[in-house]
Amino acid sequence: MTTRYTKDHEYIRVEGDSGVVGISDYAQSALGDVVFVELPAVGKTLAKGAEAAVVESVKAASEVYAPVSGEVVEVNSVLEDAPGTVNEDAAGRGWFLKLRLTNPSELDGLMTEEQYQEFVKSIS
Amino acid sequence: MAEQAHSDEPLLVTPLHAEHVSLGARMVPFAGYDMPVQYPTGIMTEHNWTREHAGLFDVSHMGQALLVGPDHETTAKALEALVPADIVNLKPGQQRYSQLLSDDGGILDDLMVTRSADPADDGKLILVVNASMKEADYAHMQARLPANVKLVRADDRALLAIQGPKAAEVVARLAPDTADMAFMAVKATKVAGLDVHLSRSGYTGEDGYEISVKDKDAVALWRALLADPEVKAIGLGARDSLRLEAGLCLYGHDIDTTTSPIEGGLIWSIQKRRREEGGFPGAARIQREIKEGASRVRVGLKPEGRAPAREGTVITTPDGREVGIVTSGGFGPTVNGPVAMGYVSKDVSAVGTDLHLVVRGKPIPAKVAAMPFAPHRYKR
Numbered sequence: 001m002t003t004r005y006t007k008d009h010e011y012i013r014v015e016g017d018s019g020v021v022g023i024s025d026y027a028q029s030a031l032g033d034v035v036f037v038e039l040p041a042v043g044k045t046l047a048k049g050a051e052a053a054v055v056e057s058v059k060a061a062s063e064v065y066a067p068v069s070g071e072v073v074e075v076n077s078v079l080e081d082a083p084g085t086v087n088e089d090a091a092g093r094g095w096f097l098k099l100r101l102t103n104p105s106e107l108d109g110l111m112t113e114e115q116y117q118e119f120v121k122s123i124s
Numbered sequence: 001m002a003e004q005a006h007s008d009e010p011l012l013v014t015p016l017h018a019e020h021v022s023l024g025a026r027m028v029p030f031a032g033y034d035m036p037v038q039y040p041t042g043i044m045t046e047h048n049w050t051r052e053h054a055g056l057f058d059v060s061h062m063g064q065a066l067l068v069g070p071d072h073e074t075t076a077k078a079l080e081a082l083v084p085a086d087i088v089n090l091k092p093g094q095q096r097y098s099q100l101l102s103d104d105g106g107i108l109d110d111l112m113v114t115r116s117a118d119p120a121d122d123g124k125l126i127l128v129v130n131a132s133m134k135e136a137d138y139a140h141m142q143a144r145l146p147a148n149v150k151l152v153r154a155d156d157r158a159l160l161a162i163q164g165p166k167a168a169e170v171v172a173r174l175a176p177d178t179a180d181m182a183f184m185a186v187k188a189t190k191v192a193g194l195d196v197h198l199s200r201s202g203y204t205g206e207d208g209y210e211i212s213v214k215d216k217d218a219v220a221l222w223r224a225l226l227a228d229p230e231v232k233a234i235g236l237g238a239r240d241s242l243r244l245e246a247g248l249c250l251y252g253h254d255i256d257t258t259t260s261p262i263e264g265g266l267i268w269s270i271q272k273r274r275r276e277e278g279g280f281p282g283a284a285r286i287q288r289e290i291k292e293g294a295s296r297v298r299v300g301l302k303p304e305g306r307a308p309a310r311e312g313t314v315i316t317t318p319d320g321r322e323v324g325i326v327t328s329g330g331f332g333p334t335v336n337g338p339v340a341m342g343y344v345s346k347d348v349s350a351v352g353t354d355l356h357l358v359v360r361g362k363p364i365p366a367k368v369a370a371m372p373f374a375p376h377r378y379k380r
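Those protein sequence lines, which keep their order, are chains L and C.
At position 66 of the first sequence (counting the first as 1) the number is 66 in full-length UniProt numbering, and the numbers step up by one without a gap.
At position 322 of the second sequence (counting the first as 1) the number is 322 in full-length UniProt numbering, and the numbers step up by one without a gap.
The hints are simulated quantities; they were obtained by calculation from the structure and are not laboratory data.
Heads up, some of the hints might be wrong.
Unchecked claim - Derived, one-sided and incomplete: chain L residues facing chain C with beta-carbon distance under 8 angstroms: (1) 32; (2) 33; (3) 56; (4) 58; (5) 59.
Stated by the list, open to error - If you want the ones that stay clear, here's a sample from chain L, every Cβ over 12 angstroms from chain C, calculated: (6) 7; (7) 14; (8) 17; (9) 20; (10) 24; (11) 34; (12) 35; (13) 43; (14) 44; (15) 48; (16) 71; (17) 84; (18) 89; (19) 92; (20) 114.
Just so it is clear, CB atoms sit at the ideal spot from N, CA and C, and this is done for glycine as well.
The task is simple: from the sequences and hints, build the whole structure.
Written as structure tokens, this is what we have:
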């Protein structure tokens, strides 16, 4: 199981041929209190970089992009009633959606945990 | 309050800037100032704290100025030529909300006008205008005031707001003579031994005060208020969600040069004498709108579900006819759901009317709602 990150602060935790997508702890902290999450329909096909979800804080709406290409096979419906779960546990219970990867080699272009932590340090 | 586009100008700071930084605030550019949008606990906690206890806000970026003339009548009449409120009959020790109007009745800015309680201040009016508009407002007024009424900037003063159900008792602990002030009353007194001018008013819908103090005393006042366990520092983020739930307009968003006070639902701020006599910019349009109704009006909107409808969201009827636009919208922590306000055509403005808000291309059902969304709790 490996986790990869984008420069837009999404993560994808790869398990076999699929991956769980969410936003990093840094991102949830920067957004502040999450009050609404709009999730895609199960079955939707997303290209790498396409808008996968929308996360709204008290102040503003932000897009969540697909870190890699894939088909949405599951969404975290817990977030519909309890969007604050993203703040409580962004890396765990606050996941957004599960993608079946269509091009796993795209993962190579993403940051490792260590690279991402360096990246966060460089921008904060 | 109003936002301003980011520019390369160096940001201004208030006398409390270092206090915000030391509290761990997230600082953002706002109206040319480097201001705290939130402190570490976040907007939701700050919002709820203000509704339940007392929130302390630095609003020193706002413009404070005096109009100085030979006597109250002269100064008040000079201002009445620019605003639609009755200033002549404003009693000593009272504050009033009004708008600077353009010749076509649009709103150049909204402002607070105060008449000091001190007879020695006869002929002086204290103004508080929006940070982003203050230079334009001052130029506008200076160009139109008669020779015997001068605009004097009070750039050496800070402004703090303390808001919430515990605000009055907190301030009374530091200044016992403030407790019996009513909403929109003003007083010059000492708080924690510091000379201040305070008004029982605010921008949250809660009871509380806005406290004007010399820059040099601002930190001491801030710390004295914050030392009370009922008080926490609150940033501009929660200030916005609080005022939205209170149904209060944000200049540059809910009102601007394209909206009249009548369209904006601000007729309550135009007293009877002025409605009848006119004599302010745009009076012909405003008097006509009072008589016939405006073709569009500002209304509250309560979306179904949890998705916030932000500023700029198109409003339609359920059958898709475009009837307006959202001017402020977001999540209301006290309401525990999305709330918005915007302008709609008069024929769909009645409370309870079913409308749609088009969020990311999808129509979300919403109802026209009475404002405020969270009840005002002013001290009457």
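Violated hints - listed by number, lowest first:
Going through the list in order, the structure violates hints 11, 12 and 17 and respects the others.
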